[in-house]
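Participant: Since chain A is already given, all that's left is putting chain B on it; use the hints.
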Amino acid sequence: MKHFSSLLLLGALVLAGCNSGGSGTDTSSTATNTGNSAPSGDTGEKLKVVFIPKDTANPYFKPVGQGIDEAKAKYNFDYQEQGPATADPTSQIPIIKDQIQRKVDVIVLAANAPNTLNEVLDDAKAKGIIVLTVDADLTGNESHRAAGILPTDFAKVGESQLELMGKQMNYEGEFAILSATTTASNQNTWIATIKEKLKDPKYSKMKLVDTVYGNDEPMKSSTEMEGLLTKYPNLKGVLSPTSVGLAAAAQVLENSGNYPGGPKAKNGGIHLTGLSTPKQLKKYVDKGVIEGFQLWSPKDMGTLAACLGTSAKRKKIDLKFGTEVDGPDGKKYKLDDKGVVYAGDLLTFDKTNIDKYDF
Amino acid sequence: MKRPEWIPAILSIAVFALFWYLSKDFRDIPYLISNTTILAETGLMAIGMTLIIIAGNIDLSVGSILVLTACLMPKLAGHASAPVAILIAVLLGAVMGGINGIIITKAKLPSFLVTLATMAIYRGIAKAMLQADSAEVAPNVKGLDRLSLLGMPYPLVIFLVFALVIGLVLHRKVLGRWLFGIGTNSEAARYAGFPVDRATITAFAVSGALIGIAAFCMDSRLGVARPDMAPGIELQAITIVVAGGTAISGGKGTMVGTLLSWLLMYFVTTGMGVMNIKAEYQLTIIGLILIVSVFGQQVATSIASHRLPKPTKLSTKP
Numbered sequence: 008m009k010h011f012s013s014l015l016l017l018g019a020l021v022l023a024g025c026n027s028g029g030s031g032t033d034t035s036s037t038a039t040n041t042g043n044s045a046p047s048g049d050t051g052e053k054l055k056v057v058f059i060p061k062d063t064a065n066p067y068f069k070p071v072g073q074g075i076d077e078a079k080a081k082y083n084f085d086y087q088e089q090g091p092a093t094a095d096p097t098s099q100i101p102i103i104k105d106q107i108q109r110k111v112d113v114i115v116l117a118a119n120a121p122n123t124l125n126e127v128l129d130d131a132k133a134k135g136i137i138v139l140t141v142d143a144d145l146t147g148n149e150s151h152r153a154a155g156i157l158p159t160d161f162a163k164v165g166e167s168q169l170e171l172m173g174k175q176m177n178y179e180g181e182f183a184i185l186s187a188t189t190t191a192s193n194q195n196t197w198i199a200t201i202k203e204k205l206k207d208p209k210y211s212k213m214k215l216v217d218t219v220y221g222n223d224e225p226m227k228s229s230t231e232m233e234g235l236l237t238k239y240p241n242l243k244g245v246l247s248p249t250s251v252g253l254a255a256a257a258q259v260l261e262n263s264g265n266y267p268g269g270p271k272a273k274n275g276g277i278h279l280t281g282l283s284t285p286k287q288l289k290k291y292v293d294k295g296v297i298e299g300f301q302l303w304s305p306k307d308m309g310t311l312a313a314c315l316g317t318s319a320k321r322k323k324i325d326l327k328f329g330t331e332v333d334g335p336d337g338k339k340y341k342l343d344d345k346g347v348v349y350a351g352d353l354l355t356f357d358k359t360n361i362d363k364y365d366f
Numbered sequence: 015m016k017r018p019e020w021i022p023a024i025l026s027i028a029v030f031a032l033f034w035y036l037s038k039d040f041r042d043i044p045y046l047i048s049n050t051t052i053l054a055e056t057g058l059m060a061i062g063m064t065l066i067i068i069a070g071n072i073d074l075s076v077g078s079i080l081v082l083t084a085c086l087m088p089k090l091a092g093h094a095s096a097p098v099a100i101l102i103a104v105l106l107g108a109v110m111g112g113i114n115g116i117i118i119t120k121a122k123l124p125s126f127l128v129t130l131a132t133m134a135i136y137r138g139i140a141k142a143m144l145q146a147d148s149a150e151v152a153p154n155v156k157g158l159d160r161l162s163l164l165g166m167p168y169p170l171v172i173f174l175v176f177a178l179v180i181g182l183v184l185h186r187k188v189l190g191r192w193l194f195g196i197g198t199n200s201e202a203a204r205y206a207g208f209p210v211d212r213a214t215i216t217a218f219a220v221s222g223a224l225i226g227i228a229a230f231c232m233d234s235r236l237g238v239a240r241p242d243m244a245p246g247i248e249l250q251a252i253t254i255v256v257a258g259g260t261a262i263s264g265g266k267g268t269m270v271g272t273l274l275s276w277l278l279m280y281f282v283t284t285g286m287g288v289m290n291i292k293a294e295y296q297l298t299i300i301g302l303i304l305i306v307s308v309f310g311q312q313v314a315t316s317i318a319s320h321r322l323p324k325p326t327k328l329s330t331k332p
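Order-wise, the sequence lines are chains A and B.
8 is the number of the first residue of the first sequence in our numbering; add one for each residue after it.
15 is the number of the first residue of the second sequence in our numbering; add one for each residue after it.
Just chain A, same shape as in the assembly:
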């Protein structure tokens, strides 16, 4: 496997280059004018940008694609979205191969698994394609993509969600988490943070009784939510940090009537919160099934991805880990030592502001 060992060597070199943080040399770019000229108004050759969401059915990724799509005139590129039918660790591999063959310039990817795409992404990189992850990064395998765009500082999401949950249930009683899949890295990070933060005296009267997984499928999520309602009669809160899970849970909770102010509310009813888009949950907020929930703006991730991807391809910026680059709005965006960049802060949606958002 001679061929292969040389590839491995190349991989090691790239890895070494990236791990040395700010001082490392980037192997894929020779640009030097980082931070001088703001990337805008591109008139050069039209680029091809493709967005690969986790799967085609997840509504969460629609605004990400929208964000990229709306930036296509500004950054002069053709946009296509191509997702797999199922969100599993291997389903994106053939799609990435297809994009390499289609000679795209930028791949924006919401990875289904942090470690199964390494080989095919290295192929893309070797062809000069800029690979950016959005929302779901390649944790532990950061050297296989140019940069990872996260919607917001994930380290703060778990805490922020727990605080919202706590506020709703008056920092008292049993609550459960309805998550996506057991392998979703962001979900697991948040759950871990929540468990850690629960040790805080502020949350001492709150008890996490269960964590269930709806696999980001509406049916499975509903079943899991129903299970929680029957299994824990004293449940005061359900936290579902996933849009599919939260929507399914809201429907189940509405049917049960056991929400604050609901027709069958018991001990003040069950408080449901989590992460989702305003559009998807508006009707439940209007009816009072959900008091409030949170999200960042997925669209901003798309806009940032379009800007960084095309600018890097045109060598206007250098996506070097540990440096600052120019973003779409003239602001500076910092890539940390793993190449992670945050698109914005977490927003809380409730009756007072939900009508202002259209995503």
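Among these hints, one or two may not hold up.
Mimicking BS3-like on lysine-lysine, the simulated pairs with C-alpha atoms at most 27 Å apart in a straight line are [said to hold, decoys possible]:
(1) A:Lys214 with A:Lys174
(2) A:Lys286 with B:Lys292
(3) A:Lys81 with A:Lys69
(4) B:Lys292 with A:Lys110
(5) A:Lys238 with B:Lys141
(6) A:Lys273 with A:Lys81
(7) A:Lys55 with B:Lys38
(8) B:Lys292 with A:Lys55
(9) A:Lys289 with A:Lys69
(10) A:Lys202 with B:Lys141
(11) A:Lys174 with A:Lys134
(12) B:Lys292 with A:Lys134
(13) A:Lys81 with A:Lys55
(14) B:Lys120 with A:Lys53
(15) A:Lys69 with A:Lys110
(16) A:Lys273 with A:Lys69
(17) A:Lys227 with B:Lys120
(18) B:Lys89 with A:Lys134
(19) B:Lys292 with A:Lys79
(20) A:Lys53 with A:Lys339
(21) A:Lys53 with A:Lys79
(22) B:Lys292 with A:Lys69
(23) A:Lys53 with B:Lys38
(24) A:Lys338 with A:Lys55
(25) B:Lys141 with A:Lys79
(26) B:Lys141 with A:Lys227
(27) B:Lys266 with B:Lys120
(28) A:Lys110 with B:Lys38
The hints are simulated quantities; they were obtained by calculation from the structure and are not laboratory data.
Facilitator: Just chain B, lined up with the frame of chain A:
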């Protein structure tokens, strides 16, 4: 007309010509050859599935055997050499397939039921073993899909060689005759003195061994094994086999049919892939092709049987 495989053959050519005309990204022979590495793994599974279905059985657990083998192999092989790793994978697969065959024949349970259970069991073991973790593949067994022989990537060569060898066994050797006999009428086969149980178990074990090879190819390609990968691959393997003309009721089918059907599936998925046809349409189109292929072959067979020359009557005259 006597060989219904001409349907997938013609469909393959038609699909190939269509995408060749429609897409410049498809019009690339080296790419078409090198891109076979993923479907070659499913192809290896379809070879074994052909034997099993011809003998009147089904194996729904092939995807789970693949995943459990892929997850166990790196753990057991550690940093052993590639041949040792392959051997381990083949043995693991053969044992899991063999277990299916033994339960089916000895407990006299329908294969659909038994393998529906082992599908859950094998994948369940893989998930219990690794949870949210992955099994790292040793560097010395990675990258088989990047090596080529005679201008073809290794997984494709392996798939073609086994299709030929198992095809010869199926159509030229006594084991093949037993499998066809069992699939046509297992009771009659038993009375005719065919070793029904032994042949059935062999088919499942051989299928398992081939899945072991596929699991090795997959590990080598991905560099990592996860218990949640390749969901639904069993249906893809079954689709290839039945679209190739193998009767789901058993007793009828050819390896050439499976091979041609694999080629058809390859052209369809690759062509739609490079044209960025939406995933949901891709699924629909594959479903349509399955129907067209199976129905076309049924029609072709019935036309052929009508056109068969009438047997010449024996002269009654002295």
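Participant: For each hint, tell me whether it holds in the structure or not.
Facilitator: Okay, the hints, checked on the actual structure:
Taken as a hint, the lysine 214 (chain A) and lysine 174 (chain A) pair is honoured in the structure, with Cα atoms around 14 Å apart against an allowance of 27 Å. The suggested pairing of lysine 286 (chain A) with lysine 292 (chain B) holds, with an alpha-carbon distance near 25 Å, which does not exceed 27 Å. Restraint check for lysine 81 (chain A) and lysine 69 (chain A): satisfied, since their Cα atoms lie roughly 20 Å apart, inside the 27 Å limit. Between lysine 292 (chain B) and lysine 110 (chain A), the direct Cα distance comes to roughly 18 Å. Compliance with the 27 Å bound is thereby established for this hinted pair.
Between the alpha carbons of lysine 238 (chain A) and lysine 141 (chain B) the distance comes to roughly 25 Å, so the proposed pair stays at or under 27 Å and holds. Taking the CA atoms of lysine 273 (chain A) and lysine 81 (chain A), the gap is near 54 Å; set against the 27 Å cutoff, the hint is violated. Simply put, lysine 55 (chain A) and lysine 38 (chain B) have alpha-carbon atoms about 16 Å apart, close enough for the 27 Å limit, and the pair holds. Between the alpha carbons of lysine 292 (chain B) and lysine 55 (chain A) the distance comes to roughly 17 Å, so the proposed pair stays at or under 27 Å and holds.
Distance hint between lysine 289 (chain A) and lysine 69 (chain A) is fulfilled; the C-alpha atoms sit about 17 Å from each other, no more than 27 Å. This hinted pair checks out: lysine 202 (chain A) and lysine 141 (chain B) have alpha carbons roughly 23 Å apart, not beyond 27 Å. Restraint check: the Cα-Cα separation between lysine 174 (chain A) and lysine 134 (chain A) comes to about 50 Å, which exceeds 27 Å; the hinted pair is violated. Note on lysine 292 (chain B) and lysine 134 (chain A): the hinted pairing holds, with a Cα-Cα distance of about 24 Å set against a maximum of 27 Å.
A threshold of 27 Å between alpha carbons decides the hint, and for lysine 81 (chain A) with lysine 55 (chain A) the separation of about 14 Å falls inside it, so the pair holds. Between lysine 120 (chain B) and lysine 53 (chain A), the direct Cα distance comes to roughly 65 Å. Violation of the 27 Å bound is thereby established for this hinted pair. Taking the CA atoms of lysine 69 (chain A) and lysine 110 (chain A), the gap is about 24 Å. The hint holds against a cut of 27 Å. Between lysine 273 (chain A) and lysine 69 (chain A), the direct Cα distance comes to roughly 37 Å. Violation of the 27 Å bound is thereby established for this hinted pair.
Of the supplied pair hints, the one linking lysine 227 (chain A) and lysine 120 (chain B) is violated, its CA atoms being roughly 36 Å apart against a limit of 27 Å. At most 27 Å may separate the alpha-carbon atoms for a hinted pair to count; lysine 89 (chain B) and lysine 134 (chain A) exceed this at roughly 33 Å. Between lysine 292 (chain B) and lysine 79 (chain A) the alpha-carbon distance is near 20 Å, which keeps this suggested pair within the 27 Å criterion. Under the criterion of a C-alpha separation no larger than 27 Å, the hint pairing lysine 53 (chain A) with lysine 339 (chain A) is consistent with the structure, at around 25 Å.
The straight-line distance between the Cα atoms of lysine 53 (chain A) and lysine 79 (chain A) is roughly 10 Å, inside the 27 Å bound, and the hint therefore holds. A distance of roughly 14 Å separates the Cα atoms of lysine 292 (chain B) and lysine 69 (chain A); the hinted pair therefore holds under the 27 Å criterion. Pair hint lysine 53 (chain A) plus lysine 38 (chain B) holds up; C-alpha atoms about 18 Å apart against a cutoff of 27 Å. Simply put, lysine 338 (chain A) and lysine 55 (chain A) have alpha-carbon atoms about 25 Å apart, close enough for the 27 Å limit, and the pair holds.
For the proposed pair lysine 141 (chain B) and lysine 79 (chain A), the alpha carbon gap of about 42 Å is over 27 Å, so the pair is violated. For a cut-off of 27 Å, the pair hint linking lysine 141 (chain B) to lysine 227 (chain A) stands: about 18 Å separates their Cα positions. With a CA separation close to 24 Å, the supplied pair lysine 266 (chain B) and lysine 120 (chain B) stays within the 27 Å bound. At most 27 Å may separate the alpha-carbon atoms for a hinted pair to count; lysine 110 (chain A) and lysine 38 (chain B) meet this at roughly 11 Å.
When held up to the earlier numbered hints, the structure conflicts with 6, 11, 14, 16, 17, 18, 25 and fits the remainder.
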